[in-house]
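Model the placement of chain B on the given structure of chain A, informed by the hints.
Residue numbers (the numbering used here), protein chains in the order written: chain A, 186 to 846; chain B, 186 to 846.
These are computed hints drawn from the structure, not numbers from a lab.
A few of these clues could be false.
One copy or any two copies: either way a pair holds, since identical chains are not told apart in the list.
[Stated by the list, open to error] In silico DSS-like cross-links for lysine-lysine, where the CA-CA straight-line distance does not exceed 27 Å:
#, residue 1, residue 2
1, 545, 510
2, 235, 525
3, 295, 533
4, 607, 646
5, 712, 443
Here is how the chains run, residue by residue.
Number of protein chains: 2
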Amino acid sequence: MVSRLEKLAVQRIAIEGISPEIDGGRFPAKAVAGEPVEVEADIFSDGHDKIAAALLYRAEHEADWREAPMALFDNDRWRGTFIPELNARYLYTIIAWRDRFESWRDEISKKHAAGVDIAVELVEGRNLIEEAVSASPRAGDEDRGVLAAVIAAVDATEDRTTRFEAMMAAGVSVAMERAAAREALTQREPPLPLTVDRQRAAFGAWYELMPRSMSDDPQRHGTFDDVIGKLDYVSKLGFDVLYFPPIHPIGTAFRKGKNNTLTPGPDDPGSPYAIGSPEGGHDAIHPQLGSFEDFARLVKAARDQGLEIAIDFAIQCSPDHPWIKDHPEWFDWRPDGTIKYAENPPKKYQDIVNVDFYGKGFPDLWYALRDIVLFWARHEVRIFRVDNPHTKPFPFWEWMIAEVQTQYPDAIFLAEAFTRPKVMKRLAKVGFTQSYSYFTWRNTKWELTTYLTELTQTDSKFVMRPNFFVNTPDINPVFLQTSGRPGFRTRLVLAASLGGNYGVYSGFELCEATPVPGKEEYLDSEKYEIKAWDWDRPGHIRPDIALMNRLRRAHPALQVFANVTFYNAWNDNILYYGKATPDKTDFILFAVNLDPHNAQGCDFEVPLWEFGLPDEASIEAEDLVNGNRFTWYGKIQHVWLDPHNNPYAIWRLNPLGDTAR
Amino acid sequence: MVSRLEKLAVQRIAIEGISPEIDGGRFPAKAVAGEPVEVEADIFSDGHDKIAAALLYRAEHEADWREAPMALFDNDRWRGTFIPELNARYLYTIIAWRDRFESWRDEISKKHAAGVDIAVELVEGRNLIEEAVSASPRAGDEDRGVLAAVIAAVDATEDRTTRFEAMMAAGVSVAMERAAAREALTQREPPLPLTVDRQRAAFGAWYELMPRSMSDDPQRHGTFDDVIGKLDYVSKLGFDVLYFPPIHPIGTAFRKGKNNTLTPGPDDPGSPYAIGSPEGGHDAIHPQLGSFEDFARLVKAARDQGLEIAIDFAIQCSPDHPWIKDHPEWFDWRPDGTIKYAENPPKKYQDIVNVDFYGKGFPDLWYALRDIVLFWARHEVRIFRVDNPHTKPFPFWEWMIAEVQTQYPDAIFLAEAFTRPKVMKRLAKVGFTQSYSYFTWRNTKWELTTYLTELTQTDSKFVMRPNFFVNTPDINPVFLQTSGRPGFRTRLVLAASLGGNYGVYSGFELCEATPVPGKEEYLDSEKYEIKAWDWDRPGHIRPDIALMNRLRRAHPALQVFANVTFYNAWNDNILYYGKATPDKTDFILFAVNLDPHNAQGCDFEVPLWEFGLPDEASIEAEDLVNGNRFTWYGKIQHVWLDPHNNPYAIWRLNPLGDTAR
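Excised from the complex, chain A in its bound form:
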């Protein structure tokens, strides 16, 4: 039994204000395998002794901690960095100790400089070194050798200055740092969790399409093979992820007709979100799309084109879902013997009923839902876009995602929660890899700057990775309904540059925005009918998309989310910002005209100071849209952005000049 005194006594050094530390360690921060994790903390002790600190980290399944140094950088604040190499759950923590030898060095130096007698201090220093040689389990043979030699040198002379200088040699410090016992070693307990994902979790361009619309014939239901025929189109645009809404059998009970009507025609295919029919449920494929063999062929063909398939995980059932008969205890039955259909009064979703997470089916239902995800993971799907997760319990997600990632650490979950900010952040904290965001509705300079600052400059950045969708089958943004082609181009550039992850729902590249009048919905939505698109429709913006995805792949500065800086451009219609690698060798600037109707110009500041250059310096730049190279002379420059010609500008700064490239 450890007494309170003993328990407290081992925490001599304060380690607090750790960043990242999510809700006191209750939730993991997020990182990417192979990319550095920077950890900061306030670390200090009583008195004036020197202290030292280090990070400890390991994958959860590893037995031994690895260690990375920390260094003081400001007012008791320390910083260190480690690189988790594996796509796995990690743990990290901080240790700190009192560094007796450095304290001794500090004290004897001051006294020596002040001309004070140091006879006793010389003996004390020698004793510290001897202790490291003879008694410290940390000392390796090489350090022991170095230190023993110092002792011999000290013992061989009576001359104080010689002894002082022998012990003050830099090599002695290095050896003592490795060899000496760590006094008052304090460790932050328990260690903090970290989810280390693969890179696609943090950086990817998504393209969403409805497989059944890929026949290019509204009379013929598209198939997985039709999708294979479209892979080249998507791949040439430079996307990384190809995402399908649900591909499962669709119920017929209360099936929705065109434009969400309650009176479907006999050929209306229904909403793919009304999952389940006699042909199967969440672990089946809608027969008209193809077989599991077809699906496997599609997954492989996509991979060959550099595309990864993402599917939908929508926990809801059509009234025809097999579970309703097989597992009535998984649903909440009403006094009249019906199951409640989904509604947000007075809105109704008559073709969908919800499961009851805490009903009689608990916890079997939870296992079954987890097993659906595992089923698709075994079919080589590792990216899941999750429908409306905020209407299902947080504990379910926290448990399920961890269960799946234990077997498939490469599994990625995108939360489609458009709801209150704290709910969205909680979903990210409980485990969602990515999150839909408010980007879709942030249009003005103030809105974009404020929102991006919140996402990139607060704790949010450690847990929430937004995926900036420009549109979705459910969201035909008001801005795009009235912006025309220039608005599509600028929204694309904003999403692709500001979002580590971003997404486009097919039709966007064709500038499709015909709404249900007065609503943010698409008229004749694909959710309720099969569409055929003219993929070469005049006015499409494929070149912009291909350019942005090419730049994203070519430029490390664009592969990180939280590195955006907003710079001064004196026009509220022009958003001007930069993204750069930490070493600034890749430094990209964007100027975007947020006004889709009028040309806008302004003076703006070239951030010469980022390179330590004076305001009147010159700097080479490259126009990444047109390929020109030129030199800017001085900090203040001017830009003119015409929505119908050049609604945006993208420059790469090259402070060292072309010769150095």
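Structure of chain B alone, referenced to chain A:
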């Protein structure tokens, strides 16, 4: 063995962002017995169901939780208040649950309003009520009766509107709130700690004096009886706490002479901080001051005058301290057989050696030090000013203060740590009741505003209670060295109004500020010699002190620390602020001329808006310095503060007018 799934599943409702919650619950927040504790948190669940939340709280030694309601006030943010009545350690936490009946009310109301059929909803509502009557352990007899009557009324009719209205009655809601089972009940675990102190912890005016200087004769060592003779003086000034530097035997080895010299004369009394001589150590009284009987008489006499005695706890020993012989293992011996004396190279404190907290004497030394405090607590001392706590280990304080407060919950510890901000805050977190602060060096409007904002508007306010000392035996502030009497008056007013706790070291009231040239130290400091003061020296500021202490006792608005608001006064030499009770019945304004040399005037804003009044309204005010009453017409008013006449103004706002008083 509870599985991860089960452990997570019971946390259906998110309870996060709790305030106060110090370092994730690692440290207690602070409160005052009988005063409200306001707790906030983000509380939300999945889906659209209504939720409810409550605070649980109890003294640690109590078995049962008490409950206080919480209410939603903003964007998933909830707030509740409880009043801890005891001076004890408390625990508090938050519970939340899904309120099925309120959710039902919400849904059926919307449907009813939309003209949707509610037949099934009526049955569901009746079932919820019946469940509460028959199956909920929470239902009391009275509620059971109310609810059973509703069921009878519902069952007695087929009319839907009658049934709807019966169940929607307000009384049913109230009864269901008390009676219905709480679904998905989630509790924040573990509960959070709270130190509930007595009022003197948060609100007190301190007067510090050297007992040995109370003979009014530099040739005669003052005694406790001399101090008794001064109680009337201190009490008439309105102070609450009378604090003495160490009263223990003073060592003779390396005794310091006048003005901190190393060559004392035979009659020099030495620094009282060089504790310990053959006559005893920390549990003894310096013989020239008197006996324990004298001390007891002093404590009682002080209490009779409304004064509480505070003593010093300085963990350091003169080389003559009995512990050095009796417990050599409590000290860190050097290779030359000496104990290191205190130093901050190249500064030296030759008359003091320090104990070694983690040496061979661990943990016996810790027990011995705790027992010293307990010893004085048994001698009726419950306020300890602790010397230099930042040079002793944090874990020692955390353990020791809790140990003492378990026996003496009324024990108060003031940390005399003038060091880096995070170290000072940590000392407050580990248990110090009060803290010395940087106030002593904050003189400009910007400095005072910034510092007070940090102390009152951040988490700091939950753990750190500054004690605003205007001077100490160690600090003769540069400002006062040059300000003359006006500066003493304004610093007094600032400390007494801005600090819940504030302190004055004797001599301040006499405007004593003669420095050791170029230093912040007093010339001929009392630390090294016996002084005799002319208590009626011309120019003293006793009337200001008495006024401020009288106002502090009379006005609840001045008895709380974190309620200061800085208002606009358009002159950087005039600090203008208000303190008010939450209900604004006590609303005091201060305008202080920070320039001790020149008269300053300015326009300022009377905060009419705080009372919901328009800018052109009039308001009654009372001049609390001169006693005048008058009316301000309009928001903008003017003040003129002459350092030699009226360096400060204090007004009480009386929005209801005198007739309402």
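Each hint, compared with the structure:
Taking the shortest Cα distances, residue 545 and residue 510 sit within 27 Å of each other inside one copy (15 Å), while across copies they are farther apart (74 Å). Proximity of residue 235 and residue 525 under a CA criterion of 27 Å is satisfied inter-copy only: 18 Å between copies versus 66 Å inside one chain copy. Taking CA atoms no more than 27 Å apart as the test, residue 295 paired with residue 533 passes between copies only; the shortest distance there is 13 Å, against 78 Å inside one copy. Taking the shortest Cα distances, residue 607 and residue 646 sit within 27 Å of each other both inside one copy (14 Å) and across copies (25 Å).
In this assembly of identical chains, residue 712 and residue 443 lie within 27 Å of each other by CA distance solely inside one copy; the values are 8 Å within and 92 Å between copies.
The structure shown violates none of the earlier numbered hints.
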